[in-house]
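A.B. asks: For reference, the chains in residue letters:
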Amino acid sequence: MFEYMGDRLSNAIKNIRGMGRITEDNINDAMREIRMALLEADVNYQVVKEFIAKVKDKALGMEVAKSLKPDELFIKIVKDELVELLGGEAAPLYVDGKPSILMLVGLQGSGKTTTAGKLANYLRKKHSKSPLLVACDIYRPAAIEQLETLGKQLNIPVYQEGKKPVSEIIKNALEYAKENHNDYIIIDTAGRLHIDESLMDELKQAQEVCHPNETILVIDAMMGQDAINVITGFNEALSLTGCILTKLDGNTKGGVALSVRHLTNVPIKFVGDSEKLDGLSAFHPERMAERILDMGDVLSIAEKVEGIISEDDAEKQAKKMMSGKYDLEDFLTNLKQIKKLGPLENILKMLPQARKMGLNKVQIDPKDMAHIEAIVLSMTPYERKHPEVLKASRKQRISKGCGRDVAEINRLLKQFEDMKKMMKSFSNGNMKLPF
Amino acid sequence: MGLFSKLKSIISKKEKVVEEVKEEYQVDSIEEIEEEQIDEVSEEVEEPEEESVEEIEEPEDVEEVEEPNDEEDAEEPDDEEDEDWANFIKEQENKKKIEEAKEIEKYDKGLEKTRKEFVSKLSMLGIKYTKVDEEYFDELEEILINADVGVNTVMKFIDKLRKRVKEEKITDTNYLNEVIVDELFVIYVEGESLTDKIHMAEEGPTVILFIGVNGVGKTTTIAKMAHKYIEEGKKVMMIAGDTFRAGAVNQLEEWAKRTGAAFYGKENTDPAGVVYDGLIKAKEDNVDLVLIDTAGRLQNKVNLMKELEKINKVIEKHIPNAPHETLLIIDATTGQNGISQAKSFQEITNITGIVLTKLDGTAKGGIVLAIKEEVNIPVKFIGLGEKMEDLKPFDIENYIYGLFKDLM
Numbered sequence: 001m002f003e004y005m006g007d008r009l010s011n012a013i014k015n016i017r018g019m020g021r022i023t024e025d026n027i028n029d030a031m032r033e034i035r036m037a038l039l040e041a042d043v044n045y046q047v048v049k050e051f052i053a054k055v056k057d058k059a060l061g062m063e064v065a066k067s068l069k070p071d072e073l074f075i076k077i078v079k080d081e082l083v084e085l086l087g088g089e090a091a092p093l094y095v096d097g098k099p100s101i102l103m104l105v106g107l108q109g110s111g112k113t114t115t116a117g118k119l120a121n122y123l124r125k126k127h128s129k130s131p132l133l134v135a136c137d138i139y140r141p142a143a144i145e146q147l148e149t150l151g152k153q154l155n156i157p158v159y160q161e162g163k164k165p166v167s168e169i170i171k172n173a174l175e176y177a178k179e180n181h182n183d184y185i186i187i188d189t190a191g192r193l194h195i196d197e198s199l200m201d202e203l204k205q206a207q208e209v210c211h212p213n214e215t216i217l218v219i220d221a222m223m224g225q226d227a228i229n230v231i232t233g234f235n236e237a238l239s240l241t242g243c244i245l246t247k248l249d250g251n252t253k254g255g256v257a258l259s260v261r262h263l264t265n266v267p268i269k270f271v272g273d274s275e276k277l278d279g280l281s282a283f284h285p286e287r288m289a290e291r292i293l294d295m296g297d298v299l300s301i302a303e304k305v306e307g308i309i310s311e312d313d314a315e316k317q318a319k320k321m322m323s324g325k326y327d328l329e330d331f332l333t334n335l336k337q338i339k340k341l342g343p344l345e346n347i348l349k350m351l352p353q354a355r356k357m358g359l360n361k362v363q364i365d366p367k368d369m370a371h372i373e374a375i376v377l378s379m380t381p382y383e384r385k386h387p388e389v390l391k392a393s394r395k396q397r398i399s400k401g402c403g404r405d406v407a408e409i410n411r412l413l414k415q416f417e418d419m420k421k422m423m424k425s426f427s428n429g430n431m432k433l434p435f
Numbered sequence: 001m002g003l004f005s006k007l008k009s010i011i012s013k014k015e016k017v018v019e020e021v022k023e024e025y026q027v028d029s030i031e032e033i034e035e036e037q038i039d040e041v042s043e044e045v046e047e048p049e050e051e052s053v054e055e056i057e058e059p060e061d062v063e064e065v066e067e068p069n070d071e072e073d074a075e076e077p078d079d080e081e082d083e084d085w086a087n088f089i090k091e092q093e094n095k096k097k098i099e100e101a102k103e104i105e106k107y108d109k110g111l112e113k114t115r116k117e118f119v120s121k122l123s124m125l126g127i128k129y130t131k132v133d134e135e136y137f138d139e140l141e142e143i144l145i146n147a148d149v150g151v152n153t154v155m156k157f158i159d160k161l162r163k164r165v166k167e168e169k170i171t172d173t174n175y176l177n178e179v180i181v182d183e184l185f186v187i188y189v190e191g192e193s194l195t196d197k198i199h200m201a202e203e204g205p206t207v208i209l210f211i212g213v214n215g216v217g218k219t220t221t222i223a224k225m226a227h228k229y230i231e232e233g234k235k236v237m238m239i240a241g242d243t244f245r246a247g248a249v250n251q252l253e254e255w256a257k258r259t260g261a262a263f264y265g266k267e268n269t270d271p272a273g274v275v276y277d278g279l280i281k282a283k284e285d286n287v288d289l290v291l292i293d294t295a296g297r298l299q300n301k302v303n304l305m306k307e308l309e310k311i312n313k314v315i316e317k318h319i320p321n322a323p324h325e326t327l328l329i330i331d332a333t334t335g336q337n338g339i340s341q342a343k344s345f346q347e348i349t350n351i352t353g354i355v356l357t358k359l360d361g362t363a364k365g366g367i368v369l370a371i372k373e374e375v376n377i378p379v380k381f382i383g384l385g386e387k388m389e390d391l392k393p394f395d396i397e398n399y400i401y402g403l404f405k406d407l408m
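Quick mapping for you: the protein sequence lines, in order, are chains B and V.
Counting from 1, position 214 in the first sequence corresponds to residue 214 in this note's numbering; the numbering is continuous, with no gaps.
Counting from 1, position 161 in the second sequence corresponds to residue 161 in this note's numbering; the numbering is continuous, with no gaps.
Rather than coming from a laboratory, the hints here were simulated on the basis of the structure.
It should be emphasised that the depicted structure is a prediction, and the values quoted were computed from it without experimental measurement.
Take every hint as true, because none was put in to throw you off.
List of simulated lysine to aspartate or glutamate pairs, EDC-like, C-alpha gap at most 16 Å:
(1) 387/V to 196/B
(2) 49/B to 139/V
(3) 266/V to 145/B
(4) 367/B to 270/V
(5) 49/B to 141/V
(6) 306/V to 368/B
(7) 98/B to 179/B
(8) 49/B to 138/V
(9) 49/B to 142/V
(10) 316/B to 329/B
Looking from chain V toward chain B, a few residues come up when the C-beta cut is under 8 Å (computed):
(11) 217
(12) 246
(13) 250
(14) 251
(15) 255
(16) 298
(17) 299
(18) 334
(19) 336
(20) 337
(21) 361
(22) 367
Computed list of chain V residues with no C-beta within reach of chain B, every gap over 10 Å:
(23) 234
(24) 276
(25) 286
All C-beta atoms, glycine included, are put in the ideal place defined by N, C-alpha and C.
Let's have the full structure, built from the sequences with the hints guiding it.
C.D. replies: What follows is the structure, given as structure tokens:
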């Protein structure tokens, strides 16, 4: 994701560190690196050009304040510019309508149907809405079934009429929503090319029928330079109110995010960052820019953790950890909580200076986590509280219970002991936190 | 310079032909005639040693084909779903021939447009840039980057070009354009003989595995491939290895119905198991060609990549030398991430070719040039639309001309 950008940027900026002041000569290399990094991240060619010119201009015109070193100043300029490109303030979703209507549009395969499911889930959870999903992809085989399956998984109603004209389906869906007191209507449409006039007309007609509060373009974060043609095409035809960037859980650099807002003024409202149905996060330009610049994204982690672990629990846990009374029972609870946070790699990557510790490249197989959990679950509660009683015969039994061999169990126990020791030394103040 | 001299002669002959036709017949729309003439010309100058250069498709019966009517494109949705599907299949069958000829016409018209534009662009470039200077290189860089050709590939390419300009003291921009096309061609072909043919098993079923990230068009490509080989009289079976995404099995099953392929699939089970059972059935039924769909997976998801490895092993164990082809599907809109996709998938499977989908939009899919250079996987097919006829063999020559559509 974005953090790959950080690698090159931070290297480039490091070179400026020792300089007394910013001159054209000493930032040339850095500017070139930044340019390459942005191009490799699929940032629009024109945007890169402008960005480079602007940063250079600002950097050269800046008096070096006494409190800031040249590299710090330079970072500040780059970051401010990045934030501006990414859209400044976060743009919230419109939720005030009674009902509110949202229409999802985009190319084939950008992830509209999955996003529709995620949005419905989000609106119900965070805004206590009663959403209705409307299936308007009448072209792709089994698209309606896909939405219906998602609806079933989430227990959210799906309105469909098979392969009828889209504006008719929407008209009837609005009636249906009224009768059933659904206060948020999410319309899933078929994927189409922005240059396909007849299909674009279909969307225009749909807009005329329901006057959506939000018309949102779903766009694949892996998109290259063509993104701008797609975004302008859809925006000109449909006056988009926002954008959702999908598949950001891949290793794409997602430079398309930098292009979207700057060239079209369409805000990015969410990013899709997991295949799970809660894999939808608000887009925060400020945090994203900080992340690009290797400043970490602790706020995002905090927000994620907040929804899962209550503050009291967290405090209790921390006390226990520090006192050295942390046992496998607590470990199991934590393990379950961590699982709820989604893929662990994503969390690790958000830590400040994750790259320096090599955490950004850590790949964790969810199965490994499952194996650990299986081992702990195969122990009796007594064994979890007193792991020291685990001898050969008990380990044999556990091994049979969880299907992992004894060596693996030993490894886990060793790691657990090491971890406990480390926590204790944290609390004794013998060791500084790594960040 | 073999390619370019050929190209040049095509162009000059074409221009001459156009002029002649114009003068002699005073035709308003010279496009169709021009098309045929050009194809003849291109055949004449075809050089036998260049195996990789595909023959340009000849639209023999273009003129006999009815004009496309718009009604067919926008399928009228019906009340009764089943009836609609039945109608759809019927319609497809009835109009298959017309549709197909239409497609050829569409594809060829597109190519013809490209060729025409290419000619005018070369001359335009000569007018705009009389000198080979920085500005010229800047514009070239922009064209290539905008086509999503890999950043490293572009930078290396331009460095190479600068060197050649310096060494050979090239000042004529017209000549440099020839060099550019030539060099791009060299990057892609690299002295290999590339083929877009599918490697068929000598005995028993041929197995093709389709892989790629989410939403690139794997399932649709399978439908197109099935259609192609059913037309050729092969017995084709689809196996739904995407047991994860909601509706994926249904989607493939629907395509099996429409194309007339056999189908095997089960929802919410282990994909490797489905593939295993499917292959047994394929052998029992004496199927010629087995097309295996897999779930879309982002290349950095370890568990999903392991799953693919397992599927691959199951196929290998079951049918010797299978899969005979492993096709990586890449969306033409994909940016620099395409290289990472090719690398990661190559690590766990033996990719034999790429299908570049969604080329009917405005995206150029230039990342395939970088993939060829860095990972050495050639493109075998391109996807030009959502219909089952929209799969065409990849032709590097035409593709490179296409990149230069935006030269001006």
